[in-house]
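Asker: Listed below are the residues making up each chain.
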Amino acid sequence: MKEFMAVLRNGLSLENPLTVLMIGLCSTLAVSAKFEGSLFMGIAVIFVLVMSNVLISAVRRFTPDEVRIPIFIVIIAAFVTIVDLVLKGYFPSVYSFLGVWIPLIVVNCIVLGRAEAFAYHNGVVLSIADGIGMGVGYTIIISGLGAFRELFGSGKLVFLQHTLVSFGSAYRGPNILLLFPGAFLLFGLIVAGSRALNKRLMARKEAV
Amino acid sequence: MRDNIYLRLGMPVLVICILSAAGLAITYGFTRGPIERQAREAEQESLNAVLPDAKTFERVTAAALLAKASAAAGDVTIDGVFRALDGTGATVGVGLLVGSRGYGGPIRMAVGVDRNGKVTSVTIVSMNETPGLGSKIVDDKTFLPRFGGLTSAEEARKVDTITGATKSSRGVRKGVEAALAALQAIGGVEGVSAR
Amino acid sequence: MDIALVLKAVLALSVLGVISVALLATAAQKFAIEVDPNIEAILSALPGANCGACGNPSCFAAAEAIAAGRAPATTCVAGGKSTAEAIAEILGESCEFIPLVSVRHCGGGTNTRREYEYGGLRSCASVAKLAGGNIACPSGCFGFGDCVAACPFDAMSLDERDLPVIDLAKCTGCAICVKECPRGGAGLLQVVDDQSAVAVRCSSREAVKDRRVVCSMCCIACRKCEKACPTGAMRLIDGLAVLDPTLCISCYACVEACPQDCIDVYGRGASQPASDLDRLARSYPGFGVDDAAVAAAMARRTADAPVGPAEAGA
Amino acid sequence: MHAVTQLMLLLVGAALVNNILLTRFIALCSFFGISDNMHTSIGMSLAVIFVMMLASTATWIAYYGMLVPLGVGEFLYIPAFILVIAALVQFVEMYLRKYSPALYRAMGIYLPLITTNCAVLAAATEAVKPGFFKMNMAYNFTLGENLIYTLGVAVGYGFALLCFTALRERLDLAPVPDALKGIPMAFIAAALLSIGYIGLGSLFGL
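If you read the sequences in order, they're chains A, B, C and D.
Just add 1114 to the spot in the first sequence (first one is 1) and you have my numbering.
Just add 42 to the spot in the second sequence (first one is 1) and you have my numbering.
Just add 19 to the spot in the third sequence (first one is 1) and you have my numbering.
Just add 2 to the spot in the fourth sequence (first one is 1) and you have my numbering.
Hints are computed from structural coordinates only; laboratory data are not their basis.
Think of the CB as a built atom: it goes at the ideal place given N, C-alpha and C, for glycine as much as any other residue.
Warning: the hint list may mix true and false statements.
Here are some of the chain D residues that sit facing chain A, going by a computed Cβ distance under 10 Å [said to hold, decoys possible]: (1) Gly67; (2) Phe83; (3) Leu85; (4) Glu128; (5) Ile185; (6) Tyr199; (7) Leu202.
Examples of chain A residues lying across from chain D (beta carbon under 8 Å, computed) [unchecked claim]: (8) Leu1153; (9) Ile1183; (10) Ile1187; (11) Ala1191; (12) Leu1199; (13) Val1214; (14) Phe1262; (15) Phe1298; (16) Gly1302; (17) Val1305; (18) Arg1309.
Where chain A lies over chain D, by a calculated footprint (3+ residues, C-beta under 8 Å) [said to hold, decoys possible]: (19) 27 to 36; (20) 75 to 81; (21) 187 to 198.
Kindly produce the complete structure, drawing on both the sequences and the hints.
Answerer: In structure tokens form, the structure reads like this:
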């Protein structure tokens, strides 16, 4: 249990896939223009990560090394397709917003990377922890980014057609937040900020 | 040795392929209903919104008519032409579902035309425009009504676009233009209602 | 549930899966390359830094060239002696490897006069392009560390005077720093035989009076080192003290003799024990080594307990 | 519209206006990973162009030759495409290693990276499903259109990668605040480059 929690925490902080490992960036920047879409993307990634981690970990003893990549990707692709079909059937607005990003979860470095690096070498239970940790770490960052961009860019926060927060119709936000360059800019500043913070923390630690 | 490598590598891949294909086919079986229902509902809803007088809508399936409509629409796709019928089965107008090019991807919209060939109203079915900018085509409540009452593609071309959402609103305008042109090409509302 | 659909799906994906695996398995057999086993062995003996110092684009290319006999076992300058020996063993040859090390021939740093104040990009290449550079001495170090950035082995760093310091433990003599240095051609950085124990921190070819004007640490051609050297390793050539490393016996007489502090203890020779140095000195009988002078120098060296190898680089 | 005009629009649209890297955010991992060295960038661009052309031809054939006739295209395209791409990339790697060592040395080491390059799967998917790149072109690409379109996407990828690498090589020398050095600065540069690409959108009134 202790180990389970340690692996879980690892994904959330120490090895957060986005801010620390810098992988899975594409989807983060692209779908974080809307809170709703980014939250669903996060949930989709958690589902795919956990399920594929479980299955890959379960079949790892029967997987010949030479063809492990084809086997991994077929497994991952199957779960991605399930997400694709479910979103299409039950959340059409989210489906049309995410578009090509759903199939692209297959090649999301986080998913395949965890399959290779973790699930292929660890047991089922730990792989679940790793999947949840990594997935939630991803979801927190991406939906946070999505909420920030949507709220300050357009002045309101919409979730499944309910307006959660609104600054009123007179609000004129910085439009660049909503456009592609805004995502680059924002993410660059986030990374710079977290680095400066890390540096200060390190310095304080050394001073003590 | 030769057979060995094929079998040793092939079997696991084959088993995984079979299992995932079966799993997906079953999942698809479950979700197919909702997917189709969603599509139909979205269609009905948007058609209802543009032609509130109609009770039912009937899809036009005549291939020759649809080909003519598509040719007249140019870049814009004609996703469906519908006869709008009232309770008695009389034609009250025509609904067209069209897809035009916006800034962030396709803009799908429904255009309703009454028996006199006048646009009743236009709604956006789905779009992917930038929130706060391109999405003004929906958020700006004065924009879509600008198309009401138009009778020809030439008139539609003169509708003003929205500042800050030029490309998106131009996409909508182009969609309406094409819908009207397509309708004209297949003989207007009479042409459609003649079965 | 639609059984037909399930069957069709299974059929489609299985066919693709089987085709893929068959393609790969066939390829694995058909395209199996009879790689010269030496290539793999040599490749694993090489450092794998792909530094390019040997003139080959990568370590793999170098391994191929060595295995094919197009290049000698000593091709890899970066790997040094141990690599050369390992490769020679793979090839079943013997080899003679002269290890190399990079040396900085400038001690100026902040003591050198500036022609102008430079505020541009902190890059030697960049300042060198601006009216020939702000350091008045034509072979003086700019101190922006282009060499440090270029070093593939992380062997260089800048000291408090912004002069590059070479870590002897890491330097492989690959000469990339020399190529990178805008004044490498002027002799600021050189790659030399690594038996030397001292380094002359000046490479100016200006007239002596001119160089004294721009730098307080330059070689003033006083010949004191030449006179102090028991083996004739230190010679004044064209007004500049130059060391012949093959003759140096690490007695440090020149370091003591130099009135300008222009000669430093630096080089792998400095770390060799006295007995080895003695042997080394005697292995060059043809150069007229004065045995008595050597002995005296050795005695002095032991007595003074000179600078150890740990401080040698700085 | 004239057929050739249509194809040219397809090409330019895919390469510039809908540039896969800077306006669609696809394949960013490799974009930031390898863009600090011009030599690597050139190798990667060539490899991507080559693999993309091959892969999208193969997936097109698999889709229209097998999945659609069997009626399973809608839910089987993801595993089918990625399987085809992975197998193809690995096959090409082996083939080049055997028959074209020079080519292999130039781009061989990038091939494994490309399997997981989102750009290849994205281009293959977009070619058969309406979406970002095809905009409103709901009709199905023919094999020829598919090739032109893929060429556009791949060349656009290469061009953006080279532009960005040139920028980053210069940025390395520039005096920037400590916290911004490296990756953060690269992001900001990408933002500026991306603004430029947005401007291209008006080029053809697309």
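Asker: Now look at each hint and say whether the structure bears it out.
Answerer: Hints, one by one, checked against the model:
1. Gly67: 19 Å, violated
2. Phe83: Status holds, d = 8 Å.
3. Leu85: 6 Å, holds
4. Glu128: 6 Å, holds
5. Ile185: 6 Å, holds
6. Tyr199: Since the shortest Cβ distance to chain A is 8 Å, the answer is holds.
7. Leu202: Status violated, d = 12 Å.
8. Leu1153: Violated, because the Cβ-Cβ distance from A/Leu1153 to chain D comes to roughly 18 Å (cut-off 8 Å).
9. Ile1183: 6 Å, holds
10. Ile1187: 5 Å, holds
11. Ala1191: Holds: closest Cβ of chain D sits about 4 Å from A/Ala1191, inside 8 Å.
12. Leu1199: Holds, about 6 Å.
13. Val1214: 5 Å, holds
14. Phe1262: 16 Å, violated
15. Phe1298: 4 Å, holds
16. Gly1302: 3 Å, holds
17. Val1305: 5 Å, holds
18. Arg1309: 5 Å, holds
19. 27 to 36: holds (count 6)
20. 75 to 81: holds (count 5)
21. 187 to 198: Answer holds; 9 residues pass the 8 Å Cβ test.
Against the hints set out earlier in the document, violations occur for numbers 1, 7, 8, 14.
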